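Peer 1: Order-wise, the sequence lines are chains F and X.
For reference, each letter of the first sequence is one residue, going -17 to 169 in this note's numbering.
For reference, each letter of the second sequence is one residue, going 429 to 941 in this note's numbering.
Derived from the structure by calculation, the hints contain no laboratory data.
Accuracy of the hints is not assured; some may be wrong.
Sample of chain X residues at the chain F side, in silico, Cβ under 8 Å [what the hints assert, rightly or not]:
{"no.": "1", "residue": "Ser452"}
{"no.": "2", "residue": "Leu458"}
{"no.": "3", "residue": "Leu482"}
{"no.": "4", "residue": "Tyr504"}
{"no.": "5", "residue": "Arg508"}
{"no.": "6", "residue": "Ile511"}
{"no.": "7", "residue": "Gly512"}
{"no.": "8", "residue": "Glu527"}
{"no.": "9", "residue": "Thr530"}
{"no.": "10", "residue": "Val531"}
{"no.": "11", "residue": "Pro536"}
{"no.": "12", "residue": "Thr553"}
{"no.": "13", "residue": "Leu844"}
None of the values given here were measured: they were computed from a predicted structure.
Backbone N, C-alpha and C fix where the C-beta goes; we use that ideal spot for every residue, glycine too.
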Amino acid sequence: MRAMLVVLCAAIALPAELESQAQPAPEVLGRNVTLQLTGGAPGALGGELLAAGADSAWVLALHPRRVVAVPMSAVSVATVRRHGLTAGKGLLWGVAVGVLSGAGLTAACSQVSSGCGGVMVGSVLSGLLWGGLSAISFAYSERWRIEPVAADSIARFARFPQGPPVGLRLDDLARPEGDSMPARPRP
Amino acid sequence: MAARSRRWHAAAMVVVLGLAACPSVRVPELYAPGSPAPARTSEPLKVHLRSGHLLVLDTWSDLPGDSVLQGKGTRYDARRQVIGPFAGRIARDSIALLEATTVSTAHPVGSILLGTYTVLAGAVTAICLSDPKSCFGSCPTFYVDADQDRPVAEGFSASVARALEATDVDYLGDIHPAGKTFALTMRNEALETHAVRSVRLLVAPRPALGSVVGTGDGRFYDAGVPLAPLRCTSSAGDCRDAVARRDGREWWTRADSSDLGAEDSLDLLFPATPGPAALLVTARQSLLSTYVFYQSLAYAGSRAGDLLAAVETAGTSALPGPWQMMRRLARVEVFIRGADGAWVPVGAYEEPGPIAADEQVLPLPDSGGGPVQVRLRFARGAWRFDRLALVSLGAAVKPAALEPARVERDGRPDTLALARLLDPARYLVTYPGEWYRIVFSLPHDGRELEFFLETTGYYYEWMRTEWLREESPAMLTLVATAPAVALRLMAPGYARLEPGFERLFWASRFGRR
């Protein structure tokens, strides 16, 4: 019974830990967004949503770290992080349970039999299957999809929901303090 | 009632875990600076200042007359670096927006899936860890090439010491391979040493209708088409559908949770049959007897070797109590109803082993040409019945006994193993994880034959370290001197394991290569 409680507690604690890592409290930054762009520069732009105005949205992209301003008219769809339990973490959870369970079963097996190598493999594959199915669910659940996109619909997820603060150059946020580079809307 | 309660508990655990794993969703709500501050919640209030700074207030209150908001919290700059703690008043005209957060819970299907998986995996792991004895097979198991997952027979399950060496005959059911060779894979899937004196295939021509059937004492007959019972009644209700056909759908009940020796019975009514008739039983034991056997070894603990040695020298008379106990569990007594209404014992069905169902017939005395009423009496929860039927017995049959033509190990011929199986004075000894493919040459096409597997040998259990922890001289004494009492005391432990025992058993056969 004690072993069962340990396993269950570990199982319950794991997703909570995964989510807590994704949601530092208090949440002071903008949400992670992905903007689908059309027009002159089609593609997707992802990063922290800094601000959204009537004409433009500003995103702090990470690779490379830079502030990108895009015309609102060029954004067809926006997806915004809804919760921290992502598809990857769901898969990780399934595999982790599979590994933990496999370790326990292998230990039990080795007490009564030999040739227990397949137990761990089977358990991990089982974890992959369950985690994979869950990941599909989380892939749909983890983000809001906003379409059509307007300032009103996405501004509340921004670091500056009021729009770019007067006197603050958003580009500066991507660079060490003291540096600056003007942010320009994409053509 | 207890089982129902446990199912509810398990379902509740899945739901609780699923909900515990459900992620929280934080939705920001914006308020204009002139709006009254939202009511206090557990979530902080964010005050976005026109400068780009952010105040995160843990406590706050409106001061309407002064057009200010008052609160305590933390101040962040535009980079969201902490400037320091904040306590004081904020002029409304410096506020760009107020942001409150509402928190709800998302319920993606994935959370329920992961919750369910986690509970199931945790439960299986915990049960196997707490009682590894529940996670292994025993005695030699035999598989056909086409299905290496489900054994078709198990050999000499009751022969747990050399003194108890026995010959076991198992009907191989609906196996009729094309061609003139037939192969079986013999596996040792547990921590046991198997000493196999012989493995022979008994074959007989397959009748045009019906089949060849075998009795428990080694006689064989041509038999007609099996007749399903007209009626089957049990303590759990109607059982006819479950036992009418050999389809793998078994009739069974759970063991008595307060006495593993508690009796149960099935009453069957068959139509009249011409000529001599026999009761055809396709059944296997549940894991109840397996549990009792291994639990008894665990009670013996460090003395288990001594006790088995006593059996070696004096036979079962050295330990009459345990054998009486096992016999009680491993026996289905058969009665027919006489003309005077009394139930008359006519014999017993005894097939040790929970792995593969065997089929045997028990010839019945002449019923006088009328319907036949049969009662089976057995320990509750100790048996799983696949088919119960009445057959007309035809002529006696003498099957041909085929010795192995070839033995393979790891895909290569093993002439030494073959020689040992062919020499009645020697044993083929196998250890955990080992397996042999035994090939027989058939006298006719396999589709024209009925197959029985005859195995002779014995096996030794390996003592497990964890069993020593359960050593109990008091319980061992009870097993030896008052087996009925021991069965009552073992009942709660088995009741805890029973719901998942069968599933665990099949899911955790080890020693495969």
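Peer 1: Closer than 8 Å between Cβ atoms is the bar; does Gly512 of chain X clear it against chain F? Give me holds or violated.
Peer 2: Not OK, violated: Gly512 of chain X not within 8 Å of chain F, min 14 Å.
Peer 1: With chain F as the partner, please determine if Thr530 of chain X meets the hint condition of a C-beta pair closer than 8 Å.
Peer 2: The hint is violated - Thr530 of chain X has no Cβ within 8 Å of chain F, the shortest such distance being about 11 Å.
Peer 1: Is the interface hint satisfied for Leu844 of chain X? The criterion is a beta-carbon contact with chain F at less than 8 Å.
Peer 2: violated, 21 Å
Peer 1: Please check whether Arg508 of chain X passes as an interface residue: C-beta within 8 Å of a C-beta belonging to chain F.
Peer 2: Interface hint status for Arg508 of chain X: holds (5 Å vs cutoff 8 Å).
Peer 1: Hint check: is the beta carbon of Glu527 of chain X less than 8 Å from a beta carbon of chain F?
Peer 2: holds, 6 Å
Peer 1: Grab the minimum C-beta distance from Tyr504 of chain X to chain F and call the hint holds if it beats 8 Å, violated otherwise.
Peer 2: Constraint on Tyr504 of chain X satisfied, holds at 5 Å.
Peer 1: Identify whether the interface hint at Leu458 of chain X stands, where standing means a beta carbon of chain F within less than 8 Å of its own.
Peer 2: holds, 5 Å
Peer 1: Was the hint right that Val531 of chain X lines chain F, CB cutoff 8 Å?
Peer 2: Since the shortest Cβ distance to chain F is 10 Å, the answer is violated.
Peer 1: Tell me if the interface restraint on Thr553 of chain X is satisfied: Cβ within less than 8 Å of some Cβ in chain F.
Peer 2: Check passed: Cβ of Thr553 of chain X comes within 4 Å of chain F, closer than 8 Å.
Peer 1: Would you check whether Pro536 of chain X satisfies its interface hint, that is, whether its CB is within less than 8 Å of any CB in chain F?
Peer 2: holds, 4 Å
Peer 1: The hint names Ile511 of chain X as touching chain F; please verify it with the least Cβ-Cβ distance against 8 Å.
Peer 2: Since the shortest Cβ distance to chain F is 12 Å, the answer is violated.
Peer 1: How about Ser452 of chain X: closest beta carbon in chain F under 8 Å, or not?
Peer 2: Nearest chain F Cβ about 7 Å off; hint holds.
In this structure, the hints that do not hold are numbers 6, 7, 9, 10 and 13, in rising order.
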